[in-house]
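Peer 1: Each chain, letter by letter, is given below.
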Amino acid sequence: MRVVLLWSLAVLLVCAEGPSQLLPPEAVKSELAVLRPQAIVLGSGPKEIHSFIDPKCEMSRRYMQFVMGRPSMMERYTYYFYLYELKRLDSEGYIGYILESADPAALLKSVMLKDFHPDGAQEFIADETTEQRIEVIAEAARRIGVNKRPYIIFNGKVK
Amino acid sequence: MIYNRERFRGYSEWIYSRRWRVILGALFLLIAMALGSNPKFAGNDASLWVSGSKEQLRNEASDINAFHQLKLVYRLDGSRSFADHLERVRELHQDIRTVKGVVDIRSILTLSRPYENRGDAGSALLELEKLCDSDTGRVRDVVTRHYDLYRPYADTELKHFYVYVFTDSKESLETVRTFVDETYTPNRDATRSYLITIGIVIGIGALIFLMIFGHVLPALLSIIVTVSSLVATLFLAQRVFGIDRIYLSVTLLTLAISQMDFIYFYYRWHVDQFKYSAKESLHKALNRNLEPAFLTSVVTALGLGSLVLIDIPVLHQIGVIALLSAFLGFFFSATLLPALLSLFQMRNAYVPFSGFSRFFASREIHYNRRLLNLFLTVVFVAGLFAAYTFITTPPKIFDRQAHNDALILAVPFEEIDAPTVARVAALEQEVASRFQEVVATESLHSIMAKMAGLEGQILNDEQVGRYLFFVELYGESDRLMRDDTLLVHIWLKKGTEAKNDIVAWTRQWSDARFPVYLADQESLAYAAKSDDAAIMGTSIFSALLLIGVIMFLVTRKYQLLLISWLINSIPIVAFAGMVIVLQIPLSVEILIAVTIMLGLASDATIHFSYKYMQSRHYHHDRVIALEKVFFYAGLPVIIGNLLLASIFFVLAATTVTLQTIGYYAAALIIVSLLVDLFVMPVLLLFVDKKNALEE
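Note that the protein sequences, when read in sequence, are chains A and B.
Here our numbering is used: the first residue of the first sequence is 8, the next is one more, and so on.
Here our numbering is used: the first residue of the second sequence is 610, the next is one more, and so on.
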């Protein structure tokens, strides 16, 4: 009974807490500066929006819909998307599949906006380079304190 | 000069001998003019004020377009369930969105309420909730719990929903109206409605002439002279003065002026055939009326035509139309009309109201001097009070009640940064704290502050950048920004009278702190009226003075100058008093109605005075002289004024565009007529008692 109560409280705490940030903004900016090459980039504006997303996450997809639905913002913002799995969604295969594709940006949009399920994406096993890439993103995310998707960072701060 | 009653016989002989040439020449000229002009007609009051106004020009210089707005009130009666009502409101939104030119719709269904999603998905995405797709229970729950946010769009008991529609054109607004009122038909074609109006005027005029003179001829001739004046006026207004957009109600000036010219000439020709032949009657009509008619044309042209010099579009146009109508009305009455009259004769000429002249003359000769002094004193004091009120507190006479309860301000920006947003925040907070009538405000700052949970606080650069992203992401920026400005929406209490106070305050703020623009048409109209009130009053007053001065220059009698001022002022003072006491909204219709009245009153003054001076020269007895005045000048005034009052009254009852001007003009004309019949003769007798009018 005690275990059940504690577990419920943990769930409530997890659900109730907002997005966390374990590093100060300047440190986050430094992390992202190093992490940038691992991102899928959209837009060409002077302001940067760094987002950790899971391609199978419903809210991440909603976020992507908003982004793609405002083409005028692409001139004002550059979006850096880091694919970071939400464990319960088991999306590691999808992430590897997208990152290894010929055009990751296009495939990401198809998956997230058109609910496209490429054959073999779920079971896909990424090569070593891609695995490293995924791990680099994950480590940075853990250091920053990414606990939500989409996790949107503007100027070193989450919302 | 005035006593030579045969000075123009040569001219009348000339017209008589060349009548067909005159008629055909006029016909060709009019056809050419009709084919050579294609003016557009407009009939909207707000645009009359806004166009060319100081605030509108300021907006245009900064490429800012003001919204047109409409407030729809949806009543949730007991005939349907709440869910059904909600569904109807949703359908209304869908219908309105199909109208081209609709920029924004604000209601409980479209308000974006920021909240943070703490659901199981674990999203860090900021959410904006809109109730448009929510179920009935959710709508009721959210609106009730967060009523402060939804206050502008619903009453506390959810018995009424208020939907604000913002468009970028008047035409779009008219189309939206058809969705809420199935009987409402947008007035798309002002030209067509104008022609219908002209038809009504002609019909009424013809009927009245038939009743008064017992013959169809005056009706036909009146139509010819009026239409001729109108065609020529519109042609010259467009080709010489460059006016392509004619305000519907302003052309009623042409109608009024040309009718009075016609009536004086025709009446004399008609009644003289009781004793003389048709040809001799024509000579008399021309000889007796050419000079006073010319004088009235000069007085009207110079007095009212002086408005041409004013740099306000509506006043400028009134001046142009008055100037052209004065001369063209005289021209056609002095050329085409006599040429046409020469083709006819009136057997058994019927003299309408002939008994009245003796009745008035015999009564008014025994006027009460004390009563006259008392009356003049009251008028003088009332006039001072009206002038003082008008000059010192002009907003009092404007439309106090806001029709739409919403006000939009625009703050220009070069970059959306913390200082820019702080300026908007300062403006918003100051308006809300200074005016208790403000129910809610919304701007980019207030939305971002709500998102950040920092309501009432100033955001720093970093916060502005962050939440601006979310505002843009959710597509809210379109309704919070426009034309490189940040918009501040202000909602006021229902039926408030504070809107123009806020407009006035905003303009002061703009001068003192930082530029703020009025971004809705109603506010621009308030500002324009406020700016133009003093000029309007001054211009009418100047026209009044000028008419008197011209009277003096022509007649060299200072008494007639004073009489002219007095007679023309009394109706204006009476009407101004009514406007102030009853708080009748000031509108261009009032201005045009006053202008028409001034034109008619100065006409009557000149004809009365001219005829009285002439009659006194030939008749020692003042009663007989006065009787002549009433018969030859007074009766035409009665006929003309009653005719015009009837026409304006019928216009008011049958048309929407001219409703206001119809009632005002009819009322002013009646008052002017009473003054002409009861006050002017008494004043003429008063100054004549001292033999001042005889040479």
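I should point out that these hints are in silico values taken from the structure, not numbers from a laboratory.
Virtual Cβ for every residue (Gly too), placed ideally from N, Cα, C.
It is possible that some hints are incorrect.
Unchecked claim - Okay, derived cross-link-like pairs now, BS3-like style, lysine-lysine, Cα gap no bigger than 25 Å in a straight line: (1) B:Lys-884 to A:Lys-164; (2) B:Lys-680 to B:Lys-649; (3) B:Lys-1237 to A:Lys-54; (4) B:Lys-884 to B:Lys-1237.
Unchecked claim - Reference listing, derived: stretches of chain B covered by chain A, where coverage requires no fewer than 3 residues with Cβ under 8 Å from a Cβ of chain A: (5) 1082-1094; (6) 1277-1291.
Peer 1: Now tell me if each hint is right for this structure.
Peer 2: Hints versus structure:
no.: 1; hint: B:Lys-884 to A:Lys-164; in the structure: 104 Å, violated
no.: 2; hint: B:Lys-680 to B:Lys-649; in the structure: 29 Å, violated
no.: 3; hint: B:Lys-1237 to A:Lys-54; in the structure: 90 Å, violated
no.: 4; hint: B:Lys-884 to B:Lys-1237; in the structure: 15 Å, holds
no.: 5; hint: 1082-1094; in the structure: holds (count 3)
no.: 6; hint: 1277-1291; in the structure: violated (count 0)
Figure legend: structure checked against the earlier numbered hints; hints not met, in rising order: 1, 2, 3, 6.
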